[in-house]
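Number of protein chains: 2
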Amino acid sequence: MIEYSRQPHYLVAVDCIVFGFDGEHLKILLVKRGLEPEINKWSLMGGFVGADESPDDAANRVLKKMTGLEGVYLEQMQIYGEPGRDPIERTLSVGYFALIDIHKYEAQLNDDYEAEWFLINDRPKLIFDHNQMVTDARKKLRYKAALHPILFEMLPKKFTIPQLHILFEEVNDTKIDTRNFSRKITSTGLLIKLAEKDRTGSKKGAFYFKLDKKKYNANSQAFLNLMPNLKV
Amino acid sequence: MIEYSRQPHYLVAVDCIVFGFDGEHLKILLVKRGLEPEINKWSLMGGFVGADESPDDAANRVLKKMTGLEGVYLEQMQIYGEPGRDPIERTLSVGYFALIDIHKYEAQLNDDYEAEWFLINDRPKLIFDHNQMVTDARKKLRYKAALHPILFEMLPKKFTIPQLHILFEEVNDTKIDTRNFSRKITSTGLLIKLAEKDRTGSKKGAFYFKLDKKKYNANSQAFLNLMPNLKV
DNA sequence: ATTATTAATTGTCGTTTTGACAATTAATAA
DNA sequence: TTATTAATTGTCAAAACGACAATTAATAAT
Chain X
10 MIEYSRQPHY LVAVDCIVFG FDGEHLKILL VKRGLEPEIN KWSLMGGFVG
60 ADESPDDAAN RVLKKMTGLE GVYLEQMQIY GEPGRDPIER TLSVGYFALI
110 DIHKYEAQLN DDYEAEWFLI NDRPKLIFDH NQMVTDARKK LRYKAALHPI
160 LFEMLPKKFT IPQLHILFEE VNDTKIDTRN FSRKITSTGL LIKLAEKDRT
210 GSKKGAFYFK LDKKKYNANS QAFLNLMPNL KV
Chain P
10 MIEYSRQPHY LVAVDCIVFG FDGEHLKILL VKRGLEPEIN KWSLMGGFVG
60 ADESPDDAAN RVLKKMTGLE GVYLEQMQIY GEPGRDPIER TLSVGYFALI
110 DIHKYEAQLN DDYEAEWFLI NDRPKLIFDH NQMVTDARKK LRYKAALHPI
160 LFEMLPKKFT IPQLHILFEE VNDTKIDTRN FSRKITSTGL LIKLAEKDRT
210 GSKKGAFYFK LDKKKYNANS QAFLNLMPNL KV
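If you're matching them up, the sequences are chains X and P in order. With the first sequence counted from 1, adding 9 to any position gets you this note's numbering. With the second sequence counted from 1, adding 9 to any position gets you this note's numbering.
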């Protein structure tokens with residue numbers, strides 16, 4: 010039988026940086042690690058890639074298992090493969106970032122895992138190279154969101170322009186002129202204005218919008234230039 | 010001793026899509042595979058990730074070994090990890106794309122490996138999922154090159170605007186107005202005009218330019234909008 | 001009822017960028 | 001001297017950008 014003799018074999022894992030938005034701040038979802046080493050320390054959601062699944066499959070499985078959510082926005086980020094990154098045994102990990110509607114999650118929380126939302130800017134130290142993964146994910150989110158309409162993934166089906174505005178400011182850690190922002194976001198043609206208003210945040214109330222799914226699917230690869238004065 | 014018991018272990022490889030430009034067309038560098046299965050079939054340059062190196066290290070090592078070149082532009086693309094992608098044994102491969110100056114290569118060719126340049130649009134069938142890798146790499150190259158000044162990596166230190174123009178047209182598979190192109194590319198401020206002219210291509214001759222390394226290193230992450238009417 | 005208050009929404013306008021298109025220039029060959 | 005060829009510079013209207021202001025729709029206070 011043919012074989013690749015004498016080549017070393019490694020464990021392969023996936024780790025997910027799960028972003029959410031509570032209406033005010035950008036957050037990430039962390040779990041208490043369930044196995045040694047570093048048991049009970051905070052870490053990203055992760056798991057080993059099984060024999061019959063691809064890394065993408067594994068990431069989806071892990072997310073389903075730990076949050077109950079299916080079909081979430083998931084994007085491969087990069088591989089982390091320094092020889093010594095896991096102290097026990099060589100393990101390469103594929104980093105993914107996920108965007109979920111934080112409210113959807115709360116309803117389906119799987120209590121078997123100790124999971125908790127943390128402010129992106131006020132999170133505990135994480136195990137291994139997970140801190141670096143979060144930094145990288147945040148940078149990639151910022152990059153991608155400047156060009157493609159992906160931040161909708163973190164909002165409910167019905168959302169308002171002001172909500173979207175705050176989310177963009179959070180992700181980019183900067184102030185954006187509300188007047189120019191609303192003009193730019195509506196000019197994409199991706200939003201459908203609803204008759205209903207959200208009156209919780211102000212006296213006047215803000216109109217709800219929903220995503221034009223057809224145009225969104227057709228244009229999700231288009232370059233948009235959603236950030237003013239963009240420098241990365 | 011702590012261990013991750015009973016988790017499956019896999020081979021991990023790297024595969025490099027090496028792009029080059031001969032002045033007229035975009036090309037990729039392929040090698041004849043040196044081991045079973047599929048020995049002597051055309052494939053990407055690749056190799057297994059060794060025990061003491063990261064995937065990035067492995068990709069650089071493979072490139073050095075097969076082309077003699079060091080310090081080439083190398084970017085991690087994505088991981089290919091479908092369970093059945095290698096018929097012999099489960100192997101996950103990290104795809105990289107590389108941009109090299111085709112002339113530099115010719116001078117340092119390592120004849121131990123049967124390597125050959127192929128037109129990107131007229132290449133042989135490749136083993137495993139390498140055809141998909143090439144397709145993905147091409148798409149990513151196009152995407153990246155539209156926003157960042159990376160195509161210089163495929164040209165000699167001294168190059169002309171018309172050379173750059175043809176390269177952009179090749180990568181994007183489209184015609185670009187020469188007048189608007191030269192204005193846009195010079196307005197980036199990344200080019201330094203030299204006194205010398207290239208007279209091989211025309212009677213008038215075209216001025217040589219070189220890259221402003223300082224500005225290039227400082228701005229390599231900036232968004233530029235180098236393609237007109239950009240849709241991806 | 002009238003007014004003050006607050007946040008959402010629509011509006012203005014000069015500057016810059018874009019991209020379609022044409023004229024000029026610098027060299028060589030006839 | 002002229003024809004030829006490709007590089008380079010030029011023109012301009014339309015669109016996009018971004019700094020900044022006014023108006024509007026509601027509620028709360030008087």
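Since the hints were made in silico from the structure, they are not lab data. Any given hint could turn out to be false.
You can't tell identical chains apart in this list, so a pair holds if it fits in one copy or across any two.
Claimed, not checked - Think about it this way: if two alpha-carbon atoms lie no more than 30 Å apart in a straight line, the pair counts; the simulated DSSO-like pairs of lysine-lysine are:
| no. | residue 1 | residue 2 |
| --- | --- | --- |
| 1 | Lys50 | Lys184 |
| 2 | Lys41 | Lys167 |
| 3 | Lys223 | Lys149 |
| 4 | Lys73 | Lys223 |
| 5 | Lys206 | Lys193 |
| 6 | Lys184 | Lys113 |
| 7 | Lys41 | Lys193 |
| 8 | Lys50 | Lys223 |
| 9 | Lys153 | Lys222 |
| 10 | Lys149 | Lys224 |
| 11 | Lys219 | Lys113 |
| 12 | Lys74 | Lys193 |
| 13 | Lys153 | Lys167 |
Hint check results:
no.	hint	result
1	Lys50 x Lys184	neither (35 Å within a copy, 55 Å between copies)
2	Lys41 x Lys167	neither (32 Å within a copy, 55 Å between copies)
3	Lys223 x Lys149	both (25 Å within a copy, 24 Å between copies)
4	Lys73 x Lys223	within (26 Å within a copy, 47 Å between copies)
5	Lys206 x Lys193	within (21 Å within a copy, 45 Å between copies)
6	Lys184 x Lys113	within (28 Å within a copy, 47 Å between copies)
7	Lys41 x Lys193	neither (41 Å within a copy, 51 Å between copies)
8	Lys50 x Lys223	neither (43 Å within a copy, 43 Å between copies)
9	Lys153 x Lys222	both (19 Å within a copy, 26 Å between copies)
10	Lys149 x Lys224	both (24 Å within a copy, 23 Å between copies)
11	Lys219 x Lys113	within (16 Å within a copy, 53 Å between copies)
12	Lys74 x Lys193	neither (38 Å within a copy, 50 Å between copies)
13	Lys153 x Lys167	within (22 Å within a copy, 33 Å between copies)
In terms of the numbered hints stated before, the structure departs from hints 1, 2, 7, 8 and 12, listed from lowest to highest.
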